[in-house]
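Residue numbers (this note's numbering), protein chains in the order written: chain A, 1 to 384; chain B, 1 to 384.
I should point out that these hints are in silico values taken from the structure, not numbers from a laboratory. There may be inaccurate statements among the hints.
[What the hints assert, rightly or not] Restricting the straight-line Cα-Cα distance to at most 16 Å, the calculated cross-link-like pairs of lysine to aspartate or glutamate (EDC-like) are:
#1 A:K226 to B:D301
#2 B:K231 to A:D298
#3 B:K268 to B:D184
#4 A:K226 to A:E349
#5 B:K226 to A:D184
#6 A:K231 to A:D184
#7 B:K359 to B:D375
#8 A:K226 to A:E338
#9 A:K268 to A:D184
There are 2 protein chains.
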Amino acid sequence: MLLTKCNQPIQSKVVERFPESVPVPSKIARCRQACDHSSLAYGWNDSPSPTPFPDTLPESFPVPEIAPTAHPQVVDPLYLFACYMKWEREEDPGAGWELLAAAQSCHSDTRAHARMLLTSSRHLAETGSGAKSNFPAISIPPSPPEFEMKAPYGLDIIENCAGCTHPKSGFFCNFPPTALQALDDISHKSTLPAGAILYVEGQAPRGMFILCSGRVHLSTTSREGKILILKTAEAGEVVGLSAAISGMTYETTAETATPSQLNFVDRKHLLELMQTYNEVSMSTAHCLSRDFHTAYRDIHDLVLTRTSAGKLARLLLSQSPKEIETAEIRIPSSMTHEEMAHRIGASRETVTRLISSLKRRHLIRLDGPTLVIPDRTALEALAV
Amino acid sequence: MLLTKCNQPIQSKVVERFPESVPVPSKIARCRQACDHSSLAYGWNDSPSPTPFPDTLPESFPVPEIAPTAHPQVVDPLYLFACYMKWEREEDPGAGWELLAAAQSCHSDTRAHARMLLTSSRHLAETGSGAKSNFPAISIPPSPPEFEMKAPYGLDIIENCAGCTHPKSGFFCNFPPTALQALDDISHKSTLPAGAILYVEGQAPRGMFILCSGRVHLSTTSREGKILILKTAEAGEVVGLSAAISGMTYETTAETATPSQLNFVDRKHLLELMQTYNEVSMSTAHCLSRDFHTAYRDIHDLVLTRTSAGKLARLLLSQSPKEIETAEIRIPSSMTHEEMAHRIGASRETVTRLISSLKRRHLIRLDGPTLVIPDRTALEALAV
DNA sequence: GGAGAGCCGCCGGGATTTCGGCAATTGCCG
DNA sequence: CGGCAATTGCCGAAATCCCGGCGGCTCTCC
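Construct the complete structure from the given sequences, taking the supplied hints into account.
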């Protein structure tokens with residue numbers, strides 16, 4: 001089954017790719033993702049052992065290089081900047097990888113710096129489709145060795161789109177058989193663990209991803225490193241569609257929250273498919289308009305709600321299933337306070353304060369791992 | 001030429017449509033739009049003189065009834081609520097009109113209340129396409145008598161899409177001649193003064209509008225009456241496209257900021273056009289993806305910028321033309337502080353305070369009606 | 001079982017914003 | 001030119017939120 005939290009028990013060997021000539025300041029810190037402690041020493045040993053390429057990725061999947069795992073350390077901003085300069089000036093893909101790895105860091109500062117640098121990078125911002133960037137389109141932590149390659153991450157693999165029976169696949173893929181076959185031909189399926197970065201905010205679009213299973217966080221980062229999680233795409237939805245269509249840079253960063261099966265469609269092929277099959281164009285327009293709607297509702301909620309309490313109440317309510325009108329609503333609380341803070345654009349501190357305030361006022365209750373809302377209307381009154 | 005401010009010198013006779021049986025509390029206040037003073041007495045006289053229907057509106061334009069002008073008075077919320085109840089329960093279109101008129105009020109409180117009621121109205125929220133609502137799709141202040149009908153509001157009328165030579169029409173209307181002709185056949189052109197409401201947030205979508213000339217504000221309102229102007233559509237852009245495609249409610253309120261020429265396309269016809277002409281689907285997808293991009297950038301800026309100073313600086317910079325790299329940037333300051341506040345989601349007070357602070361620090365200067373930015377980079381440094 | 005790391009709770013200080021109101025200024029119109 | 005209303009400038013008080021840090025708790029891993 002899918003794991004709901006990011007700190008899944010994926011255990012991996014830390015394999016570093018490292019531009020040797022760059023000075024290496026380093027601070028040591030442990031990460032949520034458990035790592036091999038033997039490699040947690042000062043500095044990074046540039047062991048040349050390559051990460052084995054996961055068999056589940058087809059050859060044609062746009063992954064020119066294998067991504068290293070996220071560095072669990074807090075990385076010095078100066079080092080990141082050095083990597084950035086090296087990549088910009090010397091076209092060193094290793095330095096680029098370093099940045100991308102840091103963008104996955106569990107430390108907000110490191111993540112923020114890396115993402116800021118990535119956003120301003122000319123490699124990612126270049127809009128030319130013909131420019132052959134020697135940079136990977138996707139970043140993948142190494143596959144956990146304890147899973148078999150045939151059924152990685154415990155997912156049920158969907159072999160092809162024609163046979164896909166996902167109940168929510170109607171969002172995008174409800175095409176007639178011919179179009180579905182064409183989609184199958186141009187798309188590349190892959191299975192990724194949690195924490196893989198599909199694309200980074202500000203990057204020139206390569207294509208879009210159909211999320212067959214799993215969940216993907218779409219987030220954006222301010223220059224100060226503040227993170228806002230805008231949306232979590234569920235199975236059956238598509239990510240990166242807007243940028244793939246418009247050709248403008250990706251407006252968010254997409255990162256798998258759970259092990260996910262994805263179906264990548266190259267931008268050029270997608271546009272061709274839209275040209276050929278009108279149904280694809282129509283479906284695209286529908287998907288975009290739906291996303292647009294939720295985006296504007298998010299703006300409404302995030303900007304116009306004066307207090308964070310209202311936003312938090314709204315977030316809690318949005319997590320709860322709407323159909324159930326029982327007295328109590330139970331939600332498996334899979335979010336940390338920090339994640340909630342990222343979702344409502346507040347600080348972790350504020351969320352903690354508000355949660356305890358809600359508890360004191362008996363508006364919410366914690367029954368072990370599940371969050372209980374005794375009175376939905378009371379919370380709704382808070383969400384002005 | 002087009003006027004840039006809402007307080008255009010449209011002078012009009014106040015003509016009221018008024019549900020007689022509703023109690024009428026009234027407060028008198030003057031409005032930006034100059035009105036015939038003779039009718040500004042206590043209460044509203046329900047003079048039965050109907051507003052002359054503007055000749056420029058084709059018969060087929062979806063305006064079942066003529067809208068009254070915006071009431072310049074501050075309207076008692078209780079009265080608005082009474083109208084709301086009357087409309088909801090007794091299907092009285094007059095009461096509905098009253099609400100719509102109040103939604104155009106220049107008084108923020110009145111506007112807020114009316115919009116809130118409109119949003120929660122079942123008439124507008126109903127999604128059934130077959131339900132025959134006896135409510136107008138569009139609200140039009142009466143045409144100013146001093147303009148000739150043939151060239152209203154001083155606009156150059158675009159007769160048909162095929163002959164349209166608008167330089168920026170490529171956004172949506174760059175279709176092959178056959179599709180353009182089909183669009184011409186199903187669309188209804190109209191010319192509206194400033195302040196006309198095209199649709200209201202929460203309303204079931206009727207169709208979309210191609211903005212041939214003029215400007216349209218897209219805004220959203222919180223329950224407390226706080227207004228956020230999300231976007232100002234310029235000539236050549238389309239408004240309401242997303243809702244028309246998805247069939248979900250309009251996510252914003254659209255109101256003409258200047259006299260505008262619009263081209264209305266019914267939802268059903270639009271979908272048919274998309275079915276028939278693949279170019280229309282493609283263009284729709286492109287438009288939506290571009291709007292989506294800007295929407296996400298807006299979220300980024302509005303939510304992640306900590307201080308209002310940063311948002312204000314960003315707003316000022318976004319107003320200035322980017323190409324010019326001269327020492328000084330001159331912007332005709334057509335926005336009041338309140339409008340700026342609505343654009344960045346802050347209060348008028350904060351904007352005033354920040355503007356004077358910027359003046360003190362010599363980051364901006366006022367040369368009569370134009371705003372001067374002596375140093376662009378300094379302001380950019382503020383917009384973190 | 002021990003250690004480490006992440007998460008949660010909390011505190012005070014400081015900065016920012018809003019609220020409500022009031023006065024001065026400006027611009028428009030008669 | 002005078003009146004009116006919109007706009008702007010300003011003030012104090014109150015509320016809210018962020019910053020930075022500290023310590024305890026729990027969970028996992030060794």
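Within a Cα-Cα threshold of 16 Å, do K268 (chain A) and D184 (chain A) meet the stated pairing? Holds, at about 15 Å.
Holds or violated: K359 (chain B) and D375 (chain B), Cα atoms, limit 16 Å. holds, 12 Å
K226 (chain A) and E338 (chain A): Cα distance at most 16 Å? holds, 11 Å
For the pair supplied as a hint, K226 (chain B) and D184 (chain A), confirm whether the alpha-carbon distance does not exceed 16 Å. violated, 48 Å
Keeping to a limit of 16 Å between CA atoms, is the pair of K231 (chain B) and D298 (chain A) held or broken? holds, 15 Å
Is K231 (chain A) within 16 Å of D184 (chain A), Cα to Cα? violated, 27 Å
Given the hinted pair K226 (chain A) and E349 (chain A), is their Cα-Cα distance within 16 Å? holds, 14 Å
Pair hint K268 (chain B) and D184 (chain B), alpha-carbon separation not exceeding 16 Å: Status holds; Cα separation ~15 Å.
Verify the proposed pairing of K226 (chain A) with D301 (chain B), using a straight-line Cα cut of 16 Å. holds, 12 Å
Hints 5, 6, counting from the list given before, are not met by this structure.
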